[in-house]
Amino acid sequence: GQQVMQIPQYQHVQEGEDFTTYCNSSTTLSNIQWYKQRPGGHPVFLIQLVKSGEVKKQKRLTFQFGEAKKNSSLHITATQTTDVGTYFCAGWTSGTYKYIFGTGTRLKVLA
Amino acid sequence: GAVVSQHPSRVICKSGTSVKIECRSLDFQATTMFWYRQFPKQSLMLMATSNEGSKATYEQGVEKDKFLINHASLTLSTLTVTSAHPEDSSFYICSARTTGNSPLHFGNGTRLTVT
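Sequences listed follow chains A and B, in order.
Numbering of the first sequence is given in our numbering, commencing with residue 715 and proceeding in unit increments.
Numbering of the second sequence is given in our numbering, commencing with residue 21 and proceeding in unit increments.
In case anyone wonders, no lab produced these hints; they're calculated from the structure.
Glycine included, every Cβ here is placed at the ideal spot set by N, Cα and C.
Please note that the accuracy of each hint is not assured.
[Said to hold, decoys possible] List time: in silico PhoX-like cross-link candidates among lysine-lysine, alpha-carbon distance up to 20 angstroms:
no.	chain 1	residue 1	chain 2	residue 2
1	A	Lys812	A	Lys750
2	A	Lys822	A	Lys750
3	A	Lys812	A	Lys784
4	A	Lys784	A	Lys765
5	A	Lys750	B	Lys61
6	B	Lys86	B	Lys34
7	A	Lys750	A	Lys771
8	B	Lys40	B	Lys86
9	A	Lys773	A	Lys750
10	B	Lys84	A	Lys812
11	B	Lys61	A	Lys822
12	B	Lys75	A	Lys812
[Said to hold, decoys possible] A short list of chain B residues far from chain A (calculated; beta carbon distances all over 10 angstroms):
no.	residue
13	Pro28
14	Val31
15	Arg44
16	Gln62
17	Glu72
18	Lys86
19	Phe87
20	Ala92
21	Thr95
22	Glu107
23	Asp108
24	Asn121
25	Thr135
[What the hints assert, rightly or not] Cβ-to-Cβ under 10 angstroms is the rule here; a few derived chain A residues that face chain B:
no.	residue
26	Gln747
27	Tyr749
28	His756
29	Ala804
30	Gly818
31	Lys822
Bound conformation, chain A alone:
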């Protein structure tokens, strides 16, 4: 079945350092969404990417959708302690009518 993998699984960074998580799907995606889940909380929607090669920015966060629409990345510039949490990508494949979540990357930011 469809699999969505994320690397790294964990990442510890010093505050101010950059962070990137990569999302790879075994199948071509119609679109991809990114979510953030704080410890003890529920996933919160960050952004949706639809077009091949699309790049979107939200303040210090940059999201990219691969040309083949099978991978995506989230880059955080100059991390802050408020960035702590687990970041999930979720891929939608045409015809499945559901999102498959990636394995997640847990980010810890050391002050």
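Chain A is fixed; fit chain B onto it per the hints.
Showing chain B alone in chain A's frame:
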């Protein structure tokens, strides 16, 4: 906008009893609701997709007779864990969307502990 309310947030029950979890979309009509299960420090595992007025579609390996899903209206879906056992202890989260591949809006989740 797009608030999803999930109740209860925590429940402790004895082995063999059934537990019902409610998921409500408060300010929008959810044509589809999804139920996920999340183990500690792991990803969200899709259990089933619930469409208003029709039977839920269960993912492979999820027992439909154990996890009963009812989506009676455009704003309410329920998950009933029947004859719960300790291995059913987990974090259950519902999500809802309006149409197509629109963003998912998540409830706060229910932490179920079966003793």
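CA of Lys750 (chain A) to CA of Lys771 (chain A), is that 20 angstroms or under? With Cα atoms ~15 angstroms apart, Lys750 (chain A) and Lys771 (chain A) stay inside 20 angstroms; holds.
Please verify that hint: Lys822 (chain A), Cβ, nearest Cβ of chain B, below 10 angstroms or not. This interface hint is violated because 12 angstroms lies over the 10 angstroms limit.
When you check the alpha-carbon spacing of Lys773 (chain A) and Lys750 (chain A), does it fall within 20 angstroms? Holds, at roughly 15 angstroms.
Would the hint on Tyr749 (chain A) be counted as holding, given a Cβ-Cβ threshold of 10 angstroms to chain B? Status holds, d = 8 angstroms.
Minimum Cβ distance from Gln747 (chain A) to chain B below 10 angstroms? holds (6 angstroms)
Whether Asn121 (chain B) stays farther than 10 angstroms from all C-beta atoms of chain A, as the label says: Violated: least Cβ distance 5 angstroms, not greater than 10 angstroms.
Straight-line alpha-carbon gap Lys40 (chain B) to Lys86 (chain B), limit 20 angstroms: holds (12 angstroms)
Just double-check Arg44 (chain B) for me: nearest Cβ-Cβ distance to chain A has to come out over 10 angstroms. holds (14 angstroms)
Given the hint that Lys812 (chain A) pairs with Lys784 (chain A), does the C-alpha gap stay at or below 20 angstroms? The hint holds at about 16 angstroms.
Are all beta-carbon distances from Lys86 (chain B) to chain A longer than 10 angstroms? Check passes; 20 angstroms lies beyond 10 angstroms.
Can you confirm whether the C-alpha distance between Lys812 (chain A) and Lys750 (chain A) stays at or below 20 angstroms? holds (19 angstroms)
Is it correct that the beta-carbon of Thr95 (chain B) has no partner in chain A closer than or equal to 10 angstroms? holds (18 angstroms)
Hint compliance for this structure: hints 16, 24, 31 are not met, and every other hint is.
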